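Q: Sequence:
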Amino acid sequence: MYNHNKIEKKWQKYWKENDTFAFVDDHNKPKFYILDMFPYPSGKGIHVGHLKGYVPTDVISRYHRLNGYNVLHPMGWDAFGLPAEQYALDTNNHPNEFTQKNIEVFRKQLQSVGFDYDYKKEVDTTSPDFYKWTQWIFVQLYKHNLAEIQEIDVNWCEKLGTVLSNEEVLVDANGNRVSERGSHPVVKKPMKQWVLKIVDYADKLLEGLNDIDFPESIKLLQTNWIGKSEGVNLDFKVADQDLNLTVFTTRIDTIYAVSYLVISPEHPLVASLTKQEYKEAVEQYVSKAKLSSDLDRIAKVDKTGVFSGSYVINPFTKELIPVWISDYVLMSFATGIVMGAPAHDERDFAFASKYNLAIKSIIQTNQPLPYLNDGKHINSELINGLNIADSIAKLSAYIVENNLGKVTQNYKLRNWIFSRQRYWGEPFPVLFNEQNEIAIIEDLPVQLPDLDDFKPSGTGESPLANATEWLYAMIDNKKYRRETNTMPQWAGSSWYFLAYILKNRDGTYTPLNSAEAYDRFSRWMPVDLYIGGQEHAVLHLLYSRFWYQFLYDIKAVPNKEPFFKVINQGMILAANNEKMSKSKGNVINPDDLVQSHGADALRLYMVFMGPITATLPWNNDGIDGMRKWLDRVHRLYMNLNDLKVVDNVDQLDQEIIYAYHKLIHNYKKAMKEYALNIAISEMMVFINVMYKHKVVNYELLDNFLILLSCFSPHLAEELYSINHNTSVCLATFPSYDESKLQLDTVTIPIQINGKLKHTINVQRDLDQEQLLKLVLEDEVIKNIINNQPIKKQVVVINKIVNLVI
0 MYNHNKIEKK WQKYWKENDT FAFVDDHNKP KFYILDMFPY PSGKGIHVGH
50 LKGYVPTDVI SRYHRLNGYN VLHPMGWDAF GLPAEQYALD TNNHPNEFTQ
100 KNIEVFRKQL QSVGFDYDYK KEVDTTSPDF YKWTQWIFVQ LYKHNLAEIQ
150 EIDVNWCEKL GTVLSNEEVL VDANGNRVSE RGSHPVVKKP MKQWVLKIVD
200 YADKLLEGLN DIDFPESIKL LQTNWIGKSE GVNLDFKVAD QDLNLTVFTT
250 RIDTIYAVSY LVISPEHPLV ASLTKQEYKE AVEQYVSKAK LSSDLDRIAK
300 VDKTGVFSGS YVINPFTKEL IPVWISDYVL MSFATGIVMG APAHDERDFA
350 FASKYNLAIK SIIQTNQPLP YLNDGKHINS ELINGLNIAD SIAKLSAYIV
400 ENNLGKVTQN YKLRNWIFSR QRYWGEPFPV LFNEQNEIAI IEDLPVQLPD
450 LDDFKPSGTG ESPLANATEW LYAMIDNKKY RRETNTMPQW AGSSWYFLAY
500 ILKNRDGTYT PLNSAEAYDR FSRWMPVDLY IGGQEHAVLH LLYSRFWYQF
550 LYDIKAVPNK EPFFKVINQG MILAANNEKM SKSKGNVINP DDLVQSHGAD
600 ALRLYMVFMG PITATLPWNN DGIDGMRKWL DRVHRLYMNL NDLKVVDNVD
650 QLDQEIIYAY HKLIHNYKKA MKEYALNIAI SEMMVFINVM YKHKVVNYEL
700 LDNFLILLSC FSPHLAEELY SINHNTSVCL ATFPSYDESK LQLDTVTIPI
750 QINGKLKHTI NVQRDLDQEQ LLKLVLEDEV IKNIINNQPI KKQVVVINKI
800 VNLVI
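One point on numbering: in numbering that gives the first Met the number 0, the residue at position 322 of the sequence shown is 321, and numbering is uninterrupted.
Misleading hints may appear alongside valid ones.
Unchecked claim - In silico DSBU-like pairs for lysine-lysine, Cα to Cα no more than 30 Å straight-line: (1) K196 / K28; (2) K739 / K693; (3) K158 / K107; (4) K289 / K227; (5) K107 / K15.
Said to hold, decoys possible - Label pairs and their computed distance ranges (CB to CB): (6) D518 / K227: 31 to 39 Å; (7) I721 / Y690: 17 to 25 Å; (8) I312 / N173: 43 to 51 Å; (9) V104 / K691: 55 to 63 Å.
Hints are computed from structural coordinates only; laboratory data are not their basis. Computed from a prediction, not measured in an experiment: that's the story for all the values here. Beta carbons: idealized from backbone N, C-alpha and C, even for Gly.
Input sequences plus hints: build the corresponding full structure.
A: Structural data, given as structure tokens:
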């Protein structure tokens, strides 16, 4: 058993001293940009879940280096935001000092596993040199009317003391709205907030999905989250007022089936529509609706409502239609008013049945209502006999021609609430004068001041309001107050993949808005392969696509999408298939495994346990097996004196030559398909062949170590150094000979009456007559047949012979 601690520390020191993985932008090589989703450096350090993604990217990075690519495989720290700040609060630390200490721990852990990062290219979102450009991007968004302050209902978390975006709010097992971070209660609260108009990019975000290689599950999640609906806005005149109600519908063909309208409790026209005799009931209903979240209201099975007392006129039938108020209609979607066609919608049918509203069928059917499928329209003057699609097209055109409304699109996607009432985040480059007018700061960065007391105030204002020396600025003898909110944790991660390209090895950044930056982006973007968790589907992966598409529109980057291919790594579960958690005491610390088994064995097991995308339970026997196999490889190289060494490859047994070329061929195929566990299996097969024949050749042995170096670089370096004074990481990946991928001989199984009785080795591609002759002349087969007549013979060339006696 080799001393893994000694060997691994030796080669990690060598790589550092020799700058083995220093990034050099060599334009003579094709580029390959491979990226990990960078971690937030909590006090818990790295766990094996991180390695489920980080090890595959390192294997793939090393493979591309060996194949002549100029590889960019960087690492950095997503260190601003709620996770880092909340952990600092919980442990009575200051986030700045605490974060830097954690980064040192993370870096040391990553180095102990042997990743090929160039740490002089690492980025830290809390560095002013980094967030200068986060602020610059915000300024450009503001200048292009994509950032503004709005008073809106927000998700307020009292415990965290901040507003959360819709994407940061979950529903727990009891149906309560809670924060994604910490599962704290979340309520609705009106506040003035910075908002980024991501909805303006909804169509571009949808269209871009056609041009990128994302998992279908991610594409579906983003498509559904954006939730584009195409339909019409139709005006209904209120019967006794000079007032119109605008309804959005995707099924204008059901206009002849409409028996009521429903308006959201938050709609500003509710008060105008409510008749005196219904006022008390409506006010009670509206007050109660405010206590429920949008998610609760949509998910609620039993739909409730209250009549307003008003009626509108159906613009097509001229019938009077009652206007109801119900919390299943959200003010945040479309116009906040929908039309009820209960004969052809399940929700409308349930509501109409509960409140005894009319149900009129307008699609021919013998099936019970509600009828949701296609068919010929009836009782519909302008569209009788037409199907749904033709009816929608005809009525949409009619509405536009007669000025009854307009064709439009709506989205479920909400604009991005971009303010946080916390300390640990990027300051906004914004000032307010005494008239509360906005002034943008162009001299960046606006640095975050040091605060001893950074606890959330609970008042809705950030702790930065207490930084009195920082808070006010005098410009041209005018007093300005700084914006005290900070940006959310998603700000830095929305562009950090560009920061790696801008970061120079001397620690400086090339300006993002420079010609040199554009040239670098032209060479390196998009990211070729991005590996991370699916939990970021509608957060980071959507936000970063939005920012990048905006940067494309202002000509700061040369292409529309930041990531070409995304792979979502699976999770690692505890041995009993439970999710790992500190509270359950089943979290596995990679530091312990590096110490006990070695980083190379850990790396092997992380990818051998299954496909990158698979969620799998941890198995200690698995990492034990990987270590034993590495010991087996080590013994082979250490015991060459006990083996026959052949200088000329052509003198090797044909099975060894075949196994070698097959290894390289299958390894390359597996790597191309990111089936890394298959590549390891191929290496294991080859080592078995070497042990079987006890004959070796130095060229084959060296080339095997080049393959091994992608997975277990420390041991590969140690064994490669026996005959070389250069790093195996700088070697060239070996090639295979297509003609050597078949053996000249094949093993033929021989069956008697369908049961395997014997095998023989014969020359490949013998015809049926030649193969049968050799089988019948074999002494073992002759003894089994014992002169009995052969009733039937089945001969498959190069495969099998079956005799029936």
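Q: Determine for every hint whether it applies to the structure shown.
A: Hints versus structure:
With a C-alpha separation of about 40 Å, the suggested pair K196 and K28 falls outside the 30 Å cut-off, and the hint is violated. A threshold of 30 Å between alpha carbons decides the hint, and for K739 with K693 the separation of about 21 Å falls inside it, so the pair holds. Note on K158 and K107: the hinted pairing is violated, with a Cα-Cα distance of about 33 Å set against a maximum of 30 Å. Proposed proximity of K289 and K227 is supported: the alpha carbons are some 26 Å apart, at most 30 Å.
About 12 Å separates the Cα atoms of K107 and K15, which keeps this hinted pair within 30 Å; it holds. Between D518 and K227 the beta carbon distance is about 36 Å. The supplied range of 31 to 39 Å therefore holds. One distance hint, 17 to 25 Å for the beta-carbon pair I721 and Y690, holds here, with the actual separation near 19 Å. Hint check: I312 to N173, Cβ distance near 44 Å, so the stated range 43 to 51 Å holds.
With their beta carbons about 46 Å apart, V104 and K691 fall outside the hinted range of 55 to 63 Å.
Of the numbered hints given earlier, the model fails hints 1, 3 and 9; all others are met.
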